Amino acid sequence: MSLEQPSRRAFLAGSVVTVGAGGTYYLTRSDETTHDLSPSLHSSTETSAFGVDFTGKPIVGSPEAPLEIYYWTDFQCPFCERFERETFPDLVREYVEPGDVRVVVISLPYFGADSMTAAVAGKCVWEQVRDDDPSTYWDWHAAVFEEQGEKNSGWASTENLLEYTRSVSGVDADALESCLEDRRPELEDEIETDSDRARSIGVSGTPTFVVFDPATEAVGSLVGAQPLERFDETIERIRDA
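If you read the sequence shown in full-length UniProt numbering, its first letter stands for residue 1, the second for the next number, and so on.
Everything labelled a hint here was simulated from the structure, so no lab data went into it.
Please read all numbers here as calculations on a predicted model, not as lab measurements.
Note that beta-carbon positions come from the ideal geometry of N, C-alpha and C, so glycine has one too.
Certain hints may be false.
DEER-style ranges, computed between Cβ atoms [unchecked claim]:
# : residue 1 : residue 2 : range
1 : PRO78     : GLU233    : 16 to 26 Å
2 : ARG197    : PRO63     : 16 to 26 Å
3 : HIS42     : GLU181    : 22 to 32 Å
4 : SER167    : GLY51     : 34 to 44 Å
5 : SER178    : ALA113    : 19 to 29 Å
6 : PRO98     : GLU192    : 33 to 43 Å
Could you put the whole structure together from the sequences, leaning on the hints where they help?
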């Protein structure tokens, strides 16, 4: 299944919706920031009917949620930062917390070496906290996005990522440093595999979102820093498919 050639069922009731472009800002307001969120997170080793391997990826929301959103992101992506700051809190409040949707966060290092460094660090942190305190990952994730600077300016270097980590309660910066030193090639391979899979289904930039209903195989996609209203429209069409 792909974004260009989804299953026949994905076309039912106009359920395929691609909105916007990665180079466009869409403005919306939220009275929360991503760092204020404390969403529930869980891990899984399943592979979805859409072909997304959940292994090693933070999943925001309930394992029982009927709809899934696959979210490809890059810590250096300014549109991802805008989405997380302006739309994601509302998405969590309206769909994730009630148990309607879960969001699978997938790294797609799009902007170069520092993007890969941050993606590997994210995997290290998730592995460190997922069993005992998975929600701590979101504190770290939000803290890194809050430090976002110009792409490839060094703000996402190993040294700086470790410095940000030291400010996050519950995440061990020394353990992160050891993981980056010892396991980087292995984790880079995992990220490259995910990136190859993303490209094979038509994901070409960040942020990209796929809304998927495993029960009907209806699928819709959004690209760019979309406001909540665009998610509302896509989710409604997927539900009606």
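Hints and how they fare:
1. PRO78 with GLU233: 16 to 26 Å: holds, 24 Å
2. ARG197 with PRO63: 16 to 26 Å: Taking Cβ atoms as reference, ARG197 and PRO63 lie about 22 Å apart, which means the hint holds.
3. HIS42 with GLU181: 22 to 32 Å: holds, 28 Å
4. SER167 with GLY51: 34 to 44 Å: Roughly 37 Å apart at Cβ, these two residues keep to the hinted range, so it holds.
5. SER178 with ALA113: 19 to 29 Å: holds, 20 Å
6. PRO98 with GLU192: 33 to 43 Å: holds, 35 Å
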